[in-house]
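Build the full structure now, drawing on both the sequences and the hints.
These protein sequence lines map, in sequence, to chains Z and S. With my numbering applied, the first sequence has no gaps in its numbers, which climb one by one up to 212 at the end. With my numbering applied, the second sequence has no gaps in its numbers, which climb one by one up to 1212 at the end.
Hints were generated in silico from the structure; no laboratory data involved. No residue lacks a Cβ here, since even glycine has one placed at the ideal position from N, Cα and C. Careful, some of the hints might be misleading.
Cross-link-like lysine to any residue pairs, in silico, SDA-like; alpha carbons within 25 angstroms at most [what the hints assert, rightly or not]:
1) Lys-184(Z) x Gln-1013(S)
2) Lys-184(Z) x Lys-1184(S)
3) Lys-1053(S) x Pro-182(Z)
4) Lys-1142(S) x Pro-182(Z)
5) Lys-1054(S) x Arg-1017(S)
6) Lys-1184(S) x Arg-1066(S)
7) Lys-142(Z) x Glu-128(Z)
A short, non-exhaustive set of chain S residues, derived as facing chain Z with CB atoms under 10 angstroms [claimed, not checked]:
8) Leu-1018
9) Pro-1048
10) Trp-1084
11) Val-1170
12) Lys-1175
13) Gln-1194
14) Gln-1195
15) Leu-1209
There are 2 protein chains.
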Amino acid sequence: MGLFSKKNSVSVQTVRRLPQYLRVLYDRHAYGRLLVSSTELAEETQVPSIVIKKDLQAVGAPSKMRAGFKVKGTISAIETFLGWDNLNKAFLVGAGHLGAALLGFSGFKNHGLEIVAAFDTHPERVGEEINGIHVYHTAQLKSVIEEKKLQIAILTVPVSAAQGITDTLVACGIKAIWNFAPVKLNVPPGVAVQQEDIASGLAQLCATLKSG
Amino acid sequence: MGLFSKKNSVSVQTVRRLPQYLRVLYDRHAYGRLLVSSTELAEETQVPSIVIKKDLQAVGAPSKMRAGFKVKGTISAIETFLGWDNLNKAFLVGAGHLGAALLGFSGFKNHGLEIVAAFDTHPERVGEEINGIHVYHTAQLKSVIEEKKLQIAILTVPVSAAQGITDTLVACGIKAIWNFAPVKLNVPPGVAVQQEDIASGLAQLCATLKSG
DNA sequence: ATTATATGGATATAAAAATATCTACATTCC
DNA sequence: GGAATGTAGATATTTTTATATCCATATAAT
Chain Z
1 MGLFSKKNSV
11 SVQTVRRLPQ
21 YLRVLYDRHA
31 YGRLLVSSTE
41 LAEETQVPSI
51 VIKKDLQAVG
61 APSKMRAGFK
71 VKGTISAIET
81 FLGWDNLNKA
91 FLVGAGHLGA
101 ALLGFSGFKN
111 HGLEIVAAFD
121 THPERVGEEI
131 NGIHVYHTAQ
141 LKSVIEEKKL
151 QIAILTVPVS
161 AAQGITDTLV
171 ACGIKAIWNF
181 APVKLNVPPG
191 VAVQQEDIAS
201 GLAQLCATLK
211 SG
Chain S
1001 MGLFSKKNSV
1011 SVQTVRRLPQ
1021 YLRVLYDRHA
1031 YGRLLVSSTE
1041 LAEETQVPSI
1051 VIKKDLQAVG
1061 APSKMRAGFK
1071 VKGTISAIET
1081 FLGWDNLNKA
1091 FLVGAGHLGA
1101 ALLGFSGFKN
1111 HGLEIVAAFD
1121 THPERVGEEI
1131 NGIHVYHTAQ
1141 LKSVIEEKKL
1151 QIAILTVPVS
1161 AAQGITDTLV
1171 ACGIKAIWNF
1181 APVKLNVPPG
1191 VAVQQEDIAS
1201 GLAQLCATLK
1211 SG
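Put into structure tokens, the structure is as follows:
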């Protein structure tokens, strides 16, 4: 029960739902609303209101009795919790189809992420600019990471290249990897890997189809 | 306990892990292996072996005492469970960055999915072929769906268009929608919607970063 | 003032999922 | 042949997550 044992135990599922709330909150804030109730958020997100209440309480969102959660304060609470209140410098490795799609998505700045560089090995891609982001050769990873003080890696390379690139990233001191390659990466402790597997969602849809 | 009350209760998390196992199994099968143990699958996927055992038991994977799970039979069990043993005809609405990336991904055929048509409203996209898939105008949705007997919709349109397109899809009798637009869709009972929210994964990564 | 109502907050319960423990059994190795 | 080993299978436990119930309270209607 010491000073450092306070486990900030916000569940994974709660964390995954936060961006949904954020979107509705941004919208309400744009309309000048000061308060929003969990009931209203529930209608908008199709998440049960009781889950929303618990989620928002977990991140310390401010509320007003009988009125709802304070829009601005709740936005701040969520953004602070996720570290989205200031931008992390990110880069992307693998400027293929998916990589280009992510580079073309301008919404990351609302999610605390600023993609400032891309890397690839294909000669026809290196030197290009995609949505204003320069594509370097993968050989320059180390120098560019250090020069630009990059923090978060987005991995959209083929499976065969994923682990090799990862080893390089780890050697460069990268502590967060967002991995879209369908393979589990081997990293030392202290490096966070978030695995995105598009097949998981498809599997869920197919299973629902068969049973429903 | 009647004939129809048998609830095939395979958990969501189990379903989401199945594709991972499938990848390793394909690999081992390609190398001619007949058996694979849960321990080996655990090393490969970083999922605890006991979870793997339970998952595979849940879908009725065949095994051999003291030896492991039968590679071929387990592949069949998973594919059958997910309905990936024969191809579902799918189509994509919204051939923008992300849409094009999905159209360019040829791996869906291993996941029971064959994308046979795309739709968009932009004049410069309509009429194009992306990875051999024709892009129709969205106005033709109904006729093409009926003509080609399409079953699964992949939605990669902007948020503003998502619900409108969904209403059309529902009217066309579509029963499964894989939605990449970050908005909850309103659909009648009986229509399965699988929501993909890229921000959820990013939130998870950021939360890990902050706490780790 | 009084009452009705909708809300966040707190607590309790239930359901889902992960993890641990033990057993039986083939295979391999002496 | 006998013991050690590594496996699936079954069961039990714990942890996590979701859901339900009740309560105090601030607002609005009467």
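Taking the hints in turn, this is what the structure says about them:
no. : hint                      : verdict
1   : Lys-184(Z) x Gln-1013(S)  : 17 angstroms, holds
2   : Lys-184(Z) x Lys-1184(S)  : 30 angstroms, violated
3   : Lys-1053(S) x Pro-182(Z)  : 21 angstroms, holds
4   : Lys-1142(S) x Pro-182(Z)  : 34 angstroms, violated
5   : Lys-1054(S) x Arg-1017(S) : 11 angstroms, holds
6   : Lys-1184(S) x Arg-1066(S) : 47 angstroms, violated
7   : Lys-142(Z) x Glu-128(Z)   : 19 angstroms, holds
8   : Leu-1018                  : 5 angstroms, holds
9   : Pro-1048                  : 13 angstroms, violated
10  : Trp-1084                  : 7 angstroms, holds
11  : Val-1170                  : 15 angstroms, violated
12  : Lys-1175                  : 7 angstroms, holds
13  : Gln-1194                  : 4 angstroms, holds
14  : Gln-1195                  : 8 angstroms, holds
15  : Leu-1209                  : 5 angstroms, holds
Consistency note: the structure conflicts with the earlier hints numbered 2, 4, 6, 9 and 11.
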